[in-house]
Structures are given as C-alpha cells and as structure tokens.
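Engineer: Here's the letter readout for the chains.
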Amino acid sequence: MAFELPSLPYAEDALEPHIDARTMGIHHGKHHASYTANLNGAVGGTDLEGKSIEEILGDLSAVPEGIRTAVRNNGGGYANHNLFWQIMGPNGGGEPSGALADAINSAFGSFGEFQSAFSAAAATRFGSGWAWLVAEGGAVSVTSTPNQDTPLMDGKTPILGIDVWEHAYYLNYQNRRPDYIAAFFNVINWDKVAELYAAAG
Amino acid sequence: MSKQPQGLSRRDVLKLAATATVSAGLAGAPLGVAAHDQQAAQAGANSWPFELPDLPYAEDALEPYIDARTMGIHHGKHHAGYTAKLNAALEGSEMVDMSIEDILADLDSVPAAIRIAVRNNGGGYANHSLFWQIMSPDGGGEPGGALADAVNSAFGSFGEFQTAFAAAAGGVFGSGWAWLVADAGALSISTTPNQDTPLMQGLTPILGIDVWEHAYYLHYQNRRADYIAAFFNVINWDKVGELYAAG
Ligand SMILES: [Fe+2]
Ligand SMILES: [Fe+2]
Chain A
161 MAFELPSLPY AEDALEPHID ARTMGIHHGK HHASYTANLN GAVGGTDLEG KSIEEILGDL
221 SAVPEGIRTA VRNNGGGYAN HNLFWQIMGP NGGGEPSGAL ADAINSAFGS FGEFQSAFSA
281 AAATRFGSGW AWLVAEGGAV SVTSTPNQDT PLMDGKTPIL GIDVWEHAYY LNYQNRRPDY
341 IAAFFNVINW DKVAELYAAA G
Chain B
1206 MSKQPQGLSR RDVLKLAATA TVSAGLAGAP LGVAAHDQQA AQAGANSWPF ELPDLPYAED
1266 ALEPYIDART MGIHHGKHHA GYTAKLNAAL EGSEMVDMSI EDILADLDSV PAAIRIAVRN
1326 NGGGYANHSL FWQIMSPDGG GEPGGALADA VNSAFGSFGE FQTAFAAAAG GVFGSGWAWL
1386 VADAGALSIS TTPNQDTPLM QGLTPILGID VWEHAYYLHY QNRRADYIAA FFNVINWDKV
1446 GELYAAG
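Going line by line, the protein sequences match chains A and B.
Converting from the first sequence to my numbering requires adding 160 to each position, the first position being numbered 1.
Converting from the second sequence to my numbering requires adding 1205 to each position, the first position being numbered 1.
Isolated chain A (complex conformation) (with noise of 0.2 Å):
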C-alpha cells in the first residue's frame, strides 16, 4: 500500500504570523508531497511494500542499494514531515507538564536551559537538516541530522523536530534563521510531544 501525504492538522493560516501559509502551504503541498510520490517512486514494486516507514527508516542497510539513497531521502522527508505537522498547533507555546516536564528537568536541568540547547542545535546546523528531541529508554536528548535523516536511523525516536531546511523559513524569515527558532516555540504542541514521549516507552 503506498503511502499516504497525511492532512495538516489544521489550516494553512493556523501558524500566522509565526509560520505563514504560504510557506505552511507549499511546504506540505509541494515539498511534502513530492517526498511522499518520490518514496512511493522507489518502494514500489519492492519488497518494502507493506513495511511502515519507521521499520524502513530503523534498518536501511536492509534496503536494496539500488533505492537505498531514495528511500532515505525520500523516507526521511516523509516522516520528517509527519511528525513536523504534528508537534506543532495553533494553541501551542508554553511549556510541558507532566513526566516530560521530569524528563527535561533531568537532562537539561530546566526548561530554559533545554530551549538553549535545541535553539543552538537548530541555528547551528549548517546548511539542510532538523534539529530534535529524542528519546530513549525514557531519557530525553538533544541532537540534529542533515538533509531528511532521522534519529529512527540510530534507532532513537524523535518526540520534536523543528526543520531548518531554507524552504521552511526563508519567506517570511530570509536568512534570520534565529529568528524561526525563536518562533518556533510558540507553536509547539507540549501535548502531542507529551504523547509521543509516553508512547516510546
């Protein structure tokens, strides 16, 4: 079956004015999109089919040669952007709660001290990538990939991602990276990063 470019979960305007929708637009309807028909392009026919993206992405020297450049790029952006839509919502911001709120505390030592180090992960990136926060065994961290590569492909799961691709800012942003950043983390979804986390065990 192949795989699916998932609905945004809310308007294209939802984000204004910290994502705007044009961007918010052409990011899921051109970029995503292409992501999505690429990947399907090289799984077809393939005895990937009927995997899901996670079980591709957790083991790519299992995926023929021949495709493996593709499935990685293409996969990656497709599941990238998945969690992407998701981790962010028009009533997001603030802070998180609960055994998240504990696990930051523990790994950063506070919040603050937590949006530093993503916000430096994601600025410091060069050129294409993601900067996340991941977790393993219950304990949280930060890191960040190039291009479409994902913490799945090290085996950890990515709970919040931000993509610091040019496409994703440079509309409204131009070169002020730092400042989507800080912007940023006034969309985030703390419920559905809560979610994700409680769900990755």
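No wet-lab data here; the hints were simulated from the structure.
It cannot be assumed that every hint is accurate.
Below, a sample of chain A positions facing chain B; criterion: calculated Cβ distance under 10 Å [what the hints assert, rightly or not]:
1. H191
2. F286
3. S288
4. W325
5. H327
6. N335
Quick caveat, the model's predicted, so the values are computed rather than measured.
Here a beta-carbon is modelled for each residue, glycine too, at the ideal position from N, C-alpha and C.
Mind docking chain B with the ligands on chain A? Use the hints.
Structural biologist: This is chain B with the ligands only, laid out in the frame that chain A set:
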C-alpha cells in the same frame, strides 16, 4: 601550469594585479590579466581579513532570472555572513597570510578547533566570490574558443553539457553546488554538499551554481529546475573562458 590547485594561480594573479608584488608560487602563471584589475580592486588582497567583494553589477541586473531581492540578501547577508565568520575563525591563527584557495586546498593543515568553521565559511566565501563573477546581465548563449572545444570534447556538445550540468544541479539533495571544473585542461561536472568546493580536491571550479534554497526560494520556491534553466541565461561565458584559460 603546476599541479597545484589551480584556482590558486588565478587568485595569486589577482593579488599580483592588486599589489604588484610577486610571490614565489607564481612562476609560470599567465600574466595577461589587465582585465582582472577591476575585480582585484574590488576583492582586495586575498588574505585575512577577507573582504566581501562588491557585486560586479546592480542587484537588479539579472532580473527576471534572478530577482533583485534575492541578490541583495544573498550578497549582503549570506555572503557577508560567511566573510565575517571566516575572518573571526582565522583571527590570530597562523593562516592570516594565506590565500583562501591555499587554505581550502589543504584543510588538514587548519587547526582542528577552527577547521569546520573555516571549511564552511571559507567555502561560502570563495564559492560566492566566484558565483557573482560567472554571471552577468550580458550573459547566456554558449562559450567560444578553447572552452567550447573542451566542452565539446568532454560532453559531445554544448546541449549535452547543459543537460548534464542541469541534472547534477537538480540532483543535489539538500544544500550545495554543482560545478564545471577544470583539471589540467579537461572539464568535468561535479557537485559538493553545503559550502564544500572542488578546491578541496585540488580541482579548479570555473562555473558553479548555488542550489542552496536561499539562492532561489523567494522567486522560484520549490521549483529548483526552473531556477537552473534560468541560470543559463545569465552565465558569463567570457569570464568562464578566462578562468578556464587561467587554470
Ligand atoms: Fe521541510
Ligand atoms: Fe548562497
């Protein structure tokens, strides 16, 4: 020409034109470079502190292929940022007298603590310095002379070169560049990620297209292929021919 990274020779020629000093590494370099005086004056000396070169044309000169807003931000913010960060990284190091080509051709010799900063920002500095030069409002068309012969020899025809170059640029995943490089007179196409440059492999880039999204997103958004097609309308083949001859 020696087998040294050949952009070195070219840039040292620029430095010569600007300062009228002769460096030992220049023996045998072509000296018919009066046309370079202008660029040399704009670029300043090719060592720390590096200076952001002026655009060799107005920001709107490449319209409609490359829009003025993109040019302004690309040069005034991105290229300026690479320049400032390169200078900050090199400040106080033993590399302050070296050309950017020398530095990039031997990154292993850069102290580990600043190697990534020099690679990224030095690459960004050099790549964009080249990029502005190989475009022009009077660009487009096809190369002539020795460069045309080399293109035909390597690719069969200009059309086949164009197809291969466009495919390389379209195929860069993420941020990077596609290049036409010269190596002892022979041409080939290559790509590099991020701000890496063929200089790091001892090759001389004579034409390059920036496919970071910042190079085209305001005007073309996700349509990189349209940007690549448009780029061919602004290629300054006279300049590329000069760089080929100097390499
Ligand atoms: Fe994206
Ligand atoms: Fe650029």
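Engineer: Run every hint past the structure and note whether it holds.
Structural biologist: Taking the hints in turn, this is what the structure says about them:
| no. | hint | result |
| --- | --- | --- |
| 1 | H191 | 6 Å, holds |
| 2 | F286 | 5 Å, holds |
| 3 | S288 | 4 Å, holds |
| 4 | W325 | 7 Å, holds |
| 5 | H327 | 5 Å, holds |
| 6 | N335 | 4 Å, holds |
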